[in-house]
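Participant: Sequence:
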Amino acid sequence: MFINRKQIKQSLISVIFTIIFVIPLFSQESDTTIVNDQPTKKSLSISDIQDLTKDGFNFWQDKFSGHFAGIDFGLNTFLNSNYSNYNPEDYGFMDNDLIRSNSLLINLINQSIGLQRNRNTIGLVTGLGLQLQSYRLNKNTTISQEAFGKVIPKTLFFDDNQKSKLSISYLVAPLLAEFQFPIRHYANRLYFSAGVYGGLRIGSHTKIKYRVEKQKEKLKTPDNFSIYKFKYGIMVRAGYRWINVFATYDLTPLYKEGKGPELIPFTFGVTLLQF
Numbered sequence: 005m006f007i008n009r010k011q012i013k014q015s016l017i018s019v020i021f022t023i024i025f026v027i028p029l030f031s032q033e034s035d036t037t038i039v040n041d042q043p044t045k046k047s048l049s050i051s052d053i054q055d056l057t058k059d060g061f062n063f064w065q066d067k068f069s070g071h072f073a074g075i076d077f078g079l080n081t082f083l084n085s086n087y088s089n090y091n092p093e094d095y096g097f098m099d100n101d102l103i104r105s106n107s108l109l110i111n112l113i114n115q116s117i118g119l120q121r122n123r124n125t126i127g128l129v130t131g132l133g134l135q136l137q138s139y140r141l142n143k144n145t146t147i148s149q150e151a152f153g154k155v156i157p158k159t160l161f162f163d164d165n166q167k168s169k170l171s172i173s174y175l176v177a178p179l180l181a182e183f184q185f186p187i188r189h190y191a192n193r194l195y196f197s198a199g200v201y202g203g204l205r206i207g208s209h210t211k212i213k214y215r216v217e218k219q220k221e222k223l224k225t226p227d228n229f230s231i232y233k234f235k236y237g238i239m240v241r242a243g244y245r246w247i248n249v250f251a252t253y254d255l256t257p258l259y260k261e262g263k264g265p266e267l268i269p270f271t272f273g274v275t276l277l278q279f
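First residue of the sequence shown? That's 5 in the working numbering, and the numbers climb one at a time after it.
Hints are computed from structural coordinates only; laboratory data are not their basis.
Careful: at least some of the hints might be erroneous.
[Said to hold, decoys possible] Straight-line alpha carbon distances no greater than 25 Å define the calculated SDA-like cross-link-like pairs of lysine to any residue that follow:
{"hint": "1", "residue 1": "K167", "residue 2": "K213"}
{"hint": "2", "residue 1": "K233", "residue 2": "A198"}
{"hint": "3", "residue 1": "K67", "residue 2": "I247"}
[To be verified] Ranges between beta-carbon positions, derived for each pair:
{"hint": "4", "residue 1": "R245", "residue 2": "N144", "range": "40 to 46 Å"}
{"hint": "5", "residue 1": "K167", "residue 2": "K233", "range": "26 to 32 Å"}
{"hint": "6", "residue 1": "V216", "residue 2": "P92", "range": "30 to 36 Å"}
From the three backbone atoms N, C-alpha and C, an ideal C-beta is built for every residue, glycine too.
Kindly produce the complete structure, drawing on both the sequences and the hints.
Facilitator: This is the structure we're talking about:
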């Protein structure tokens, strides 16, 4: 078979030119092409969904966050008063002025524990706080202890400017179950919590303020006054946005049995600041 060398030469030149022009085109496409080895269904991760729904109704939004840390201010009173172990003339010596009997709670530690897998609206809340209680006595009376620890009233004989109160400080730790209800927006939540709390008394004293020849004087007397070292009770809290309220009801009487009148402390108030 006769082969024309001139035709072969022309064919080789054509092939070379074709390779020179075609290969750069393929190389440019390969430089800008990203190969995705993952299946299409796995391309959208949970974190992507979180980003997309962060400002809306989001089942995966953050962890459960309870409400305890902050500063509470409340009013103190006594419920179920019983003076049966005192003479009738001494009945009511612990009656207090409600408006001037205050409680300040400084709750510095807050721990939240979520109870749901895909939501964050139900959980447990615990923490640690400092409670400063004061009871302003209505009458011209303060208290002291007899030799066997019984609390007795003492009448004051100063002028009309005298003031008498009993102050008690506690370390308080609650355990609350909290329920949150989103309203209109997932971040705006009405919450309600209820549970128990325990308290450790770390100090107590009486204070009398009076005047002598127009000079202000005060007498502070530290003592345990037969007040229980430990207490426990029920705590409830509720709120929505900047409106937050709380209440505590002690299940332990203020005084030890037989050492004072049977008084059950009750406190209610508002949260001034949340941390």
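Participant: Next step is simple, just say for each hint if it's right about the structure.
Facilitator: Hints, one by one, checked against the model:
Restraint check for K167 and K213: the C-alpha separation of about 5 Å stays at or below 25 Å, so the hint holds. As the CA atoms of K233 and A198 are separated by approximately 24 Å, the hinted pair is consistent with the 25 Å bound. Between K67 and I247 the CA atoms are separated by roughly 23 Å; this keeps the pair inside 25 Å, and the hint holds. At about 44 Å, the CB distance of R245 to N144 agrees with the hint of 40 to 46 Å.
Between K167 and K233 the CB atoms are about 27 Å apart, so this pair conforms to the stated range of 26 to 32 Å. Separated by about 33 Å at the C-beta atoms, V216 and P92 satisfy the suggested range of 30 to 36 Å.
Checked against the numbered hints above, the structure violates none of them.
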